[in-house]
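Chemist: First to last, the sequence lines map onto chains Y and B.
Using this note's numbering, the first residue of the first sequence is number 1, and each one after it goes up by one.
Using this note's numbering, the first residue of the second sequence is number 1, and each one after it goes up by one.
These are computed hints drawn from the structure, not numbers from a lab.
Hints are supplied without guarantee of correctness; some may be wrong.
Taking lysine-lysine and the DSS-like style, the derived pairs with C-alpha atoms no more than 27 Å apart in a straight line are [as the list claims (entries may be wrong)]:
no.	chain 1	residue 1	chain 2	residue 2
1	B	LYS455	Y	LYS65
2	B	LYS291	B	LYS281
3	B	LYS284	B	LYS247
4	Y	LYS61	B	LYS455
Quick caveat: nothing in here was measured; it's all calculated off a predicted structure.
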Amino acid sequence: MGRGQLRPTCIIQSGSSMARVKTLQALFKRYRRPGDVVFAWAALVVAVLLLSQLGAETNLKAGGKLVARPWFWPAVSLGGMAVFAALHLLTSLISERIEGRWVEIWYWIRSLEYAGWFIAYAAIVPIAGYLPSTIVFTLALIFRVGYRGSRFFWAGAVGAVATVLVFKSFLQVKLPAGQVYEYLPDGIRQIMLTYF
Amino acid sequence: MEDFLSGIELLARLDVLIALFIGSVGGVIIGAIPGVGPAVAIAILLPATFSLEPIVGLTMLLGIYGSSMYGGALPAVLINTPGTAVNALTSYDGYPMTQRGEANRALSLAYSASFWGGIFGILCLILLSPVLAIVAPMFGSREIFLAALLGIILVIFAHRGQVLAAGMLAMFGIFLQTVGLDAVTYTQRYTFDLSWLSSGVNLIVVVLGLFALSQAFVLLVSPDEAPEATHVKGRPTSGIKEVMGNKRVATAAGGFGVLMGMIPGTGEFTAQFMSYTYAQKTSKNPDEFGKGSPEGLIASEAANNAVPAAAMIPLLALGIPGEALTAMMLSVFYIHNVIPGPALFQNNIDLVYALYIALILLNVIVFAFLLVSTNVLTKVIQIPTRFLGVLILVLSFVGVYSLRNSLTDCMMAAGFGVFGLILKRLNLPIVPIVLGMVLGGIMEVKLRSAMARVKTPMDMIDRPIAFILFLLILLVIGLHIRTEIREIRAKLPEEDHDVHDTQLR
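Next comes chain Y alone, as it looks inside the complex (with noise of 0.2 Å):
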């Protein structure tokens, strides 16, 4: 049995009418998903946790208007985020449990790898330099995703090798050279340390 069925038992113990029930199940539904209620609880937890480091996090004893106050809009947000994310998980109980519940959370864990491909992406850009980085690191995600044809390889590369072209050779975009540059011959080595 769902927790969606057995909540609004409890209420109707607790309620005076069955009407009761489905108007205040009423006024907390809404459109949900799968994993709502994982995180509905996840930003109540946090909420809270915030809220409760105001006095070491903030200096409580400063002086002047309260809205000047440093602790103020800290105190503000998180109040009126506890509030909200305590009726959010409120709706969550209340409403009839979705399906798929752990199915979606892996979904959620399967995109880390791709948080750290992304992280790993720019660690590597400042030593081995943005435009073979780049090339390696598209060409690696574009197998990595499962294309396997070369054409996909020649569009990843030309796509690497344009990106690099007009942001960093054209644009001038602030980005670091790559340590390896230095190890290139004099005449070449200015030249990838401006504009690749």
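Keeping the supplied structure of chain Y fixed, place chain B upon it in accordance with the hints.
Modeler: Chain B only, in chain Y's frame:
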């Protein structure tokens, strides 16, 4: 007139025109790719424009902002998938027309209606400018604080059916902007003794994570797709005449777009729904709506294209963004040391006129571009989604890393990317976080400076505009409560709304 001419002079430069052209055409292409959208594009390009001159950077991003909805109509009509979230209603009538072999007519109608709505919005903006120039200086700290507060409330209430989640996320956004060193008292707030948190949470890092990286992660984790689009045959200008025959619907839709665009938090969706409902109620063939009605298509496209110009009104006059894209535009203004607000109309009115003219030009460029390039753009729609995800990830890196060459920024952006993915999967809105950050910052600063002259709480609303804003806040809250009570009393069935679902596409 002199200011208007100086505005033209500001734009009459090759680099500005090239930037406008790249922005306009780029915006159409980006808008046409389902799963990218203007928010992703602006987020990625924001840091790239830092090195450009203010007017060059601003016109390029304005080009993307104003033109993406044109491009978004293309996949909405051809493959029943809106290119941008605001083209959702376009697919209702556009796709049935494609199914019965009228793709060219539908696209031509969409472009022509978009052009009508776009120009109508800009004309309203120009006509309203003298009024704004008079009213804007009447906004002091108190008024701007109250307007920002009204903005936050509207943004929360605009997410009907998700008010609690929107409220929670808006509060989270307000909290994020408080992290770091407090500029007035020089005390640390929620830095947990971590040096990298002392400078606070950067808005652009958050925006890039929530919009661009999250979209890349969604595309990379989800199964690969490559939509098939039909080849379009026929005269692309045929819709102009048909829109002229439906001037009433197009103009009313443009009017809704302007009205909703000016109000923070409401924007394109509400404008579209209102104009679509109006068109249906006043139509001779209301049963045709949803089955390929030209009027429905015109109402939808004219409304959403009138919004960008109108959304510039609170942004330029008060420095208050109404939705995510204008919030990003606000950060572009700040970075280029152009501070939107009452002073802009007094000191930089030529820049304001230049932006108006740029908006008109971009509509002309985009309309002309679309008339000759529709079939090329259908190829863009067919890019496989995972491949698109790889490209967005590569481009996002430039956006995040070029800010201050910080690996920490990249890690934070990746974290917000995963958070954005979770929100998108749960059909929860991202916009309240961004607006919470921007409007929260404005509220904190303005309330502090207003306090210098406020002795009692009543002093906050003792000026006419402050009082009107206060009444508006009460009215909005009152109306929301009344609607909730009515819905409960009427025991209306739960509406299954896919409003934020379009973020996944």
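Chemist: List, from low to high, the hint numbers that the structure doesn't satisfy.
Modeler: When the structure is compared with the hints, none of them turns out to be violated.
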